[in-house]
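2 protein chains.
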Amino acid sequence: MNIGGQRFRTIWLNPANEQIVQLIDQRFLPHQFVIEDVTTVAQMANAIREMHVRGAGLIGASAGYGMYLAAIEAGASATIAEFDRQLADAAAQLKATRPTAVNLSWAVERQTANIANGKTAPEKIALALRTAKEIAAEDEEHCRLIGQHGLHLIEQIARSKNGKPINVLTHCNAGWLAFVDYGSALAPIYTAHDRGLPVHVWVDETRPRSQGSKLTAWELAQHGVPHTIIADSVGGHLMQRGDVDLVIVGSDRTTRAGDVANKIGTYLKALAAKDNNVPFYVALPSASFDWSIRDGNEIPIEQRSVDEVKRAHGWRDGQMLEVSLAPENSPAANYGFDVTPRRLVTGLITERGICKADEKSILKLFPEHAS
Amino acid sequence: MNIGGQRFRTIWLNPANEQIVQLIDQRFLPHQFVIEDVTTVAQMANAIREMHVRGAGLIGASAGYGMYLAAIEAGASATIAEFDRQLADAAAQLKATRPTAVNLSWAVERQTANIANGKTAPEKIALALRTAKEIAAEDEEHCRLIGQHGLHLIEQIARSKNGKPINVLTHCNAGWLAFVDYGSALAPIYTAHDRGLPVHVWVDETRPRSQGSKLTAWELAQHGVPHTIIADSVGGHLMQRGDVDLVIVGSDRTTRAGDVANKIGTYLKALAAKDNNVPFYVALPSASFDWSIRDGNEIPIEQRSVDEVKRAHGWRDGQMLEVSLAPENSPAANYGFDVTPRRLVTGLITERGICKADEKSILKLFPEHAS
Numbered sequence: 022m023n024i025g026g027q028r029f030r031t032i033w034l035n036p037a038n039e040q041i042v043q044l045i046d047q048r049f050l051p052h053q054f055v056i057e058d059v060t061t062v063a064q065m066a067n068a069i070r071e072m073h074v075r076g077a078g079l080i081g082a083s084a085g086y087g088m089y090l091a092a093i094e095a096g097a098s099a100t101i102a103e104f105d106r107q108l109a110d111a112a113a114q115l116k117a118t119r120p121t122a123v124n125l126s127w128a129v130e131r132q133t134a135n136i137a138n139g140k141t142a143p144e145k146i147a148l149a150l151r152t153a154k155e156i157a158a159e160d161e162e163h164c165r166l167i168g169q170h171g172l173h174l175i176e177q178i179a180r181s182k183n184g185k186p187i188n189v190l191t192h193c194n195a196g197w198l199a200f201v202d203y204g205s206a207l208a209p210i211y212t213a214h215d216r217g218l219p220v221h222v223w224v225d226e227t228r229p230r231s232q233g234s235k236l237t238a239w240e241l242a243q244h245g246v247p248h249t250i251i252a253d254s255v256g257g258h259l260m261q262r263g264d265v266d267l268v269i270v271g272s273d274r275t276t277r278a279g280d281v282a283n284k285i286g287t288y289l290k291a292l293a294a295k296d297n298n299v300p301f302y303v304a305l306p307s308a309s310f311d312w313s314i315r316d317g318n319e320i321p322i323e324q325r326s327v328d329e330v331k332r333a334h335g336w337r338d339g340q341m342l343e344v345s346l347a348p349e350n351s352p353a354a355n356y357g358f359d360v361t362p363r364r365l366v367t368g369l370i371t372e373r374g375i376c377k378a379d380e381k382s383i384l385k386l387f388p389e390h391a392s
Numbered sequence: 022m023n024i025g026g027q028r029f030r031t032i033w034l035n036p037a038n039e040q041i042v043q044l045i046d047q048r049f050l051p052h053q054f055v056i057e058d059v060t061t062v063a064q065m066a067n068a069i070r071e072m073h074v075r076g077a078g079l080i081g082a083s084a085g086y087g088m089y090l091a092a093i094e095a096g097a098s099a100t101i102a103e104f105d106r107q108l109a110d111a112a113a114q115l116k117a118t119r120p121t122a123v124n125l126s127w128a129v130e131r132q133t134a135n136i137a138n139g140k141t142a143p144e145k146i147a148l149a150l151r152t153a154k155e156i157a158a159e160d161e162e163h164c165r166l167i168g169q170h171g172l173h174l175i176e177q178i179a180r181s182k183n184g185k186p187i188n189v190l191t192h193c194n195a196g197w198l199a200f201v202d203y204g205s206a207l208a209p210i211y212t213a214h215d216r217g218l219p220v221h222v223w224v225d226e227t228r229p230r231s232q233g234s235k236l237t238a239w240e241l242a243q244h245g246v247p248h249t250i251i252a253d254s255v256g257g258h259l260m261q262r263g264d265v266d267l268v269i270v271g272s273d274r275t276t277r278a279g280d281v282a283n284k285i286g287t288y289l290k291a292l293a294a295k296d297n298n299v300p301f302y303v304a305l306p307s308a309s310f311d312w313s314i315r316d317g318n319e320i321p322i323e324q325r326s327v328d329e330v331k332r333a334h335g336w337r338d339g340q341m342l343e344v345s346l347a348p349e350n351s352p353a354a355n356y357g358f359d360v361t362p363r364r365l366v367t368g369l370i371t372e373r374g375i376c377k378a379d380e381k382s383i384l385k386l387f388p389e390h391a392s
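Protein chains in written order, with our numbering: chain A, 22 to 392; chain B, 22 to 392.
Derived by calculation from the structure, the hints in this document are not laboratory data. All figures in this text were calculated on a predicted structure; none of them were measured in a lab. Any given hint could be a false lead.
Here are some, though not all, of the chain B residues that point toward chain A, as calculated from beta-carbon distances under 7 Å [as the list claims (entries may be wrong)]:
no.	residue
1	Pro51
2	Gln53
3	Ala238
4	Trp239
5	Gly286
6	Leu289
7	Val330
8	Ser345
9	Leu346
10	Ala347
11	Ser351
12	Tyr356
Just so you have them, the derived chain B footprint on chain A, three or more residues with Cβ under 8 Å [what the hints assert, rightly or not]:
no.	region
13	252–259
14	290–302
For each residue, glycine too, the CB sits at the ideal point set by N, CA and C.
Please model the complete structure; the sequences and the hints are all you need to start from.
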């Protein structure tokens, strides 16, 4: 998507030197636009863990590139056995960075399987490069298609609004900054906006890390989409007033039966949508399905540093500063995700179309995963 | 309640000079403990509007003292007509500070009616002083009684927990800092804690102003009550996990039929409580009932500065600082309250006992308001 009129993706290979991965270091947005060069798997693991990059698809793509960097590093090994051992270590290191996002393990495993097909180190490195590019390109294409399918939902609502804005509420950032491009939840919104539909987005700020205020608001503003930032507690009130026509969120992991793990607080918005008859959709590329589980309770929920809750991290006088919001000695807890049960989900928007959030409907779109 | 072992109320008359109202300026908590002297109604209106004082009961008590200060100021008038005109102006000024809290207009109207019984300025001032003291004393006593009635709920739950902590979730600050003393939602918790019951409180941080992190956590810590601060989005997840036994919140205005206006986000917690069979109670002294309306939709919802949403206000290097969380040009909205419909409320805890959230049950406790 565009930043100040210039086309960007969130992660790419340096065109002058394909051994360097470049990514937007999102920690400084919306205040500073920083591009980071990443040349080792340790750097990439750190970038994922410390959230220089974040979001389901982008974590997957970053892990794919991370495995490619690991292959380059392993290329200095004396033997293929040593190469494989080093690569397995790298895979474990990457998988350990973020427990909830399924794209992470999906990308690492895809790389591991493909790299195993190479006989020599140069062959393995070439396969890792090709797979990393494929993962990123697929992510981009799947998000583009999600935008196309989701557009129909918005067009449908637009017909009953008589030219008045279509109000879409979203939580956290499932925009292009969370993927390689386009985004999941925001893809239909960008597509509708580009077609001239009057879309307006309610942006949940998404404490404690403010991905809504910092990232979603910024990328919508860069693309010229009307939006309003709200505290995370506001969505229910807006739905009660009739000011939300549609909720679209992303997903970090969705079970084969349609239970949705997403940023903490998604469940509360789904409850409010149900209570007010507002359609609640989850947009996700198929890489965010966990085909191995049915019940959302099996999804591990990441707990992060309590400092994120007890402090706020923002911009002042040209730098990022932390301010304390709480008594120094008060305990805090920081659950990163929750699970929205499928009964609260109106539908899933995938690259293959829209379906209900139940196993039968999901497998109709993805029959290759019927067991 | 206690601050560092010393007994405090939130507002009082300077014992050496009863023309000076003293209050805890809550803007600097938990980092600094500041006592403010207030000697004019304009100062008091500012203290309410800018939230030096906040919370249903404390707004009422502050308005009561504000009318007393107004009477002192009006005492310099040449005629009683001029006195009355000045007092009416002061009443309007105070009422305009915060639109949602009903205790505000209730206290101002009680003062206006009582002061009208005085024939001379000195008589009117004496009546204003007496009424201000009565309002504060009643608030304190009603909160103490709410603690007694609410204790039974917690004792009931304790019986099924076999000595394990009773986990109570609360939103915003409805503790003693929101009243003259004891609090509404926290009164049962303090009472249970003082009786030796193992209570643990989940403290919603309550964006955008962080009254949970800054005030609730601080007053619980000062009193030694175990607690954990969480982002506002976390409560639903905790209820899904079975980690919440009871929700108790306060109310800024409750209709005669039991619809509850409270801090924005309360409605979402009530939905989650319903979805997980967690009892959801609202604690309020009768001064927070608006007997004139049935339907919660009639309650005006305050909108505050969007800067509260786009920024965070916290402590760093010995001072309060604001940091920016969002793009400078992104719009924001800041609704201060929402309405929880009575169907989601398990019960109301009042100074006269606990009742269901319906008009018949409420009027059984408060028959003088049956119309």
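Hint by hint, here is what the structure shows:
1. Pro51: 4 Å, holds
2. Gln53: Cβ of Gln53(B) sits 12 Å from chain A, so the hint is violated.
3. Ala238: Ala238(B) check passes; min Cβ-Cβ to chain A is 4 Å, inside 7 Å.
4. Trp239: At about 5 Å, which falls below the 7 Å cut-off, the nearest Cβ of chain A leaves the hint on Trp239(B) intact, so it holds.
5. Gly286: 3 Å, holds
6. Leu289: Cβ of Leu289(B) sits 4 Å from chain A, so the hint holds.
7. Val330: It holds, given that the least Cβ distance between Val330(B) and chain A is near 6 Å, below 7 Å.
8. Ser345: At 4 Å from the nearest chain A Cβ, Ser345(B) passes the 7 Å test, so the hint holds.
9. Leu346: 5 Å, holds
10. Ala347: Interface hint status for Ala347(B): holds (4 Å vs cutoff 7 Å).
11. Ser351: With Cβ-Cβ at 4 Å, under 7 Å, it holds.
12. Tyr356: Since chain A brings a Cβ to about 5 Å from Tyr356(B), closer than 7 Å, the hint holds.
13. 252–259: Held - the region 252–259 of chain A has 8 residues with a Cβ nearer than 8 Å to chain B, which meets the minimum of three.
14. 290–302: Since three or more residues must qualify, the claim that chain B covers the region 290–302 of chain A holds, with 4 doing so at under 8 Å.
Of the numbered hints listed earlier, the single one contradicted by the structure is hint 2.
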